[in-house]
Amino acid sequence: MGTAAMLQGAWHGVGFSFDTDDSELAAYAQLHMAPLIRSLSERAVVESRLTWVDGQPWPRDRWQVQDAPWMRVDRDLYVSDRELRWFRVDDLRDLVLQVRFPEPRRVEVAGTFFFRLGNTKWTDRLRRWRLGGRVARFRQRRFSTLVSYLVYYPLWWVVETTRGWHPIHAGAVHTPEGGILLAGASGVGKSTLAVALAAEPGNCLLSDSFVVHTGTTAFSVPEPILLDESARAWLGTRLQIVAGFRHPYVLDRVGHHVITEKSAAMTEVRLLLFPQRGPRWDCVPMSAEQAWRRLSAANLMVNDLRRYFALAAAWEQVSPQGFVLSREQNLRVLAEATPSYVLQVPPGMSSEEVVGRIMTLLQRAPQQQSIAR
Numbered sequence: 002m003g004t005a006a007m008l009q010g011a012w013h014g015v016g017f018s019f020d021t022d023d024s025e026l027a028a029y030a031q032l033h034m035a036p037l038i039r040s041l042s043e044r045a046v047v048e049s050r051l052t053w054v055d056g057q058p059w060p061r062d063r064w065q066v067q068d069a070p071w072m073r074v075d076r077d078l079y080v081s082d083r084e085l086r087w088f089r090v091d092d093l094r095d096l097v098l099q100v101r102f103p104e105p106r107r108v109e110v111a112g113t114f115f116f117r118l119g120n121t122k123w124t125d126r127l128r129r130w131r132l133g134g135r136v137a138r139f140r141q142r143r144f145s146t147l148v149s150y151l152v153y154y155p156l157w158w159v160v161e162t163t164r165g166w167h168p169i170h171a172g173a174v175h176t177p178e179g180g181i182l183l184a185g186a187s188g189v190g191k192s193t194l195a196v197a198l199a200a201e202p203g204n205c206l207l208s209d210s211f212v213v214h215t216g217t218t219a220f221s222v223p224e225p226i227l228l229d230e231s232a233r234a235w236l237g238t239r240l241q242i243v244a245g246f247r248h249p250y251v252l253d254r255v256g257h258h259v260i261t262e263k264s265a266a267m268t269e270v271r272l273l274l275f276p277q278r279g280p281r282w283d284c285v286p287m288s289a290e291q292a293w294r295r296l297s298a299a300n301l302m303v304n305d306l307r308r309y310f311a312l313a314a315a316w317e318q319v320s321p322q323g324f325v326l327s328r329e330q331n332l333r334v335l336a337e338a339t340p341s342y343v344l345q346v347p348p349g350m351s352s353e354e355v356v357g358r359i360m361t362l363l364q365r366a367p368q369q370q371s372i373a374r
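Here our numbering = 1-based position in the sequence shown + 1.
Hint data in this document are derived by calculation from the structure and do not stem from the laboratory.
Accuracy of the hints is not assured; some may be wrong.
Keeping only pairs whose Cα atoms sit at most 25 Å apart, straight-line, the calculated SDA-like set for lysine to any residue is [unchecked claim]:
1) 263 / 227
2) 263 / 166
3) 122 / 55
Listed next, with one range per pair, are the computed distances between beta-carbon atoms [what the hints assert, rightly or not]:
4) 126 / 188: 34 to 40 Å
5) 126 / 99: 24 to 30 Å
6) 70 / 338: 45 to 51 Å
7) 250 / 365: 36 to 42 Å
8) 286 / 238: 28 to 34 Å
9) 142 / 286: 39 to 45 Å
Everything numeric in this text was worked out from a predicted model, so none of it was measured.
Glycine included, each C-beta is placed from N, C-alpha and C at the ideal position.
Can you build the whole structure from these sequences, using the hints too?
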């Protein structure tokens with residue numbers, strides 16, 4: 002693998018750098034983080050690097066955690082004063098993270114990823130031989146998760162620590178009447194709905210899968226928008242607000258980024274929707290308590306947030322923050338201040354009709370807020 006150039010960027014004013022010795026991963030990271038890449042005038046707050054190793058994980062004693070001053074606080078987690086080493090990271094068992102907190106609001110992350118297709122040297126070699134050229138696809142499937150662990154999760158940790166911004170599994174659209182938050186579980190069309198709504202004149206997209214928020218203020222988390230063939234067909238001309246790029250995502254989805262003139266960094270949320278697929282159109286008001294519980298549960302149904310919550314919990318062993326309680330308090334503030342609905346979208350309803358109905362609901366939401374309680 003060739004050595005790739007360091008990537009620099011900023012997300013809501015938090016500078017970061019990412020370096021890796023794997024040129025393919027570096028090229029993917031540049032695609033994935035394209036909206037964030039820029040030159041930095043100051044030192045990065047998050048500094049990350051990833052070493053890619055083809056083969057079996059190294060023996061634990063090679064990392065010298067048996068020496069003082071390391072304390073073992075978990076089967077796979079070792080901490081010292083301002084540093085931790087995490088082996089078999091959560092559900093990505095072949096990633097090792099070495100994390101330093103040189104200053105209270107800075108973090109340095111050194112990851113080592115062991116790419117293997119078998120649990121022994123011989124089974125790994127055999128499977129590589131059998132797969133041949135398809136091994137590259139297995140490599141590429143790790144890229145998105147590695148970018149999350151090395152860049153996005155540390156950035157989330159910084160804004161949780163310094164600003165009280167907490168992540169939600171939701172897409173968000175800014176409109177002249179206020180923001181629309183599309184929350185809930187995966188696979189129900191949130192990304193497609195977010196793009197459709199953002200295509201309306203005057204509207205803009207924050208992000209389609211995750212936002213960070215403090216109360217009713219939501220901030221974008223720009224990542225690739227993954228749309229399959231049926232989603233692209235349903236969007237029709239509304240797809241013009243995003244630009245696609247080539248990468249072999251699973252489920253034959255195509256990655257996109259929203260064009261600059263249709264992107265927004267923040268919004269004040271005025272409507273909270275939980276989309277789901279169903280046989281007919283329906284829009285059912287929710288109480289604040291119901292919306293809060295649904296938000297909290299949905300955050301634990303998606304791998305990305307579960308992974309981040311586990312990472313933040315591990316980092317709390319060195320830098321205690323009390324995130325679990327503050328996240329729930331923040332979700333409750335959002336739910337209590339925002340009209341919330343379960344939105345059932347039937348097959349066959351056009352994007353124009355769905356968008357029209359949601360925009361009408363947004364315009365009526367302030368008058369219906371008492372009903373939604």
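Hint-by-hint comparison with the structure:
no., hint, in the structure
1, 263 / 227, "holds (17 Å)"
2, 263 / 166, "holds (23 Å)"
3, 122 / 55, "holds (10 Å)"
4, 126 / 188: 34 to 40 Å, "holds (36 Å)"
5, 126 / 99: 24 to 30 Å, "holds (28 Å)"
6, 70 / 338: 45 to 51 Å, "holds (46 Å)"
7, 250 / 365: 36 to 42 Å, "holds (37 Å)"
8, 286 / 238: 28 to 34 Å, "holds (32 Å)"
9, 142 / 286: 39 to 45 Å, "holds (41 Å)"
Hint compliance for this structure: no hint is broken.
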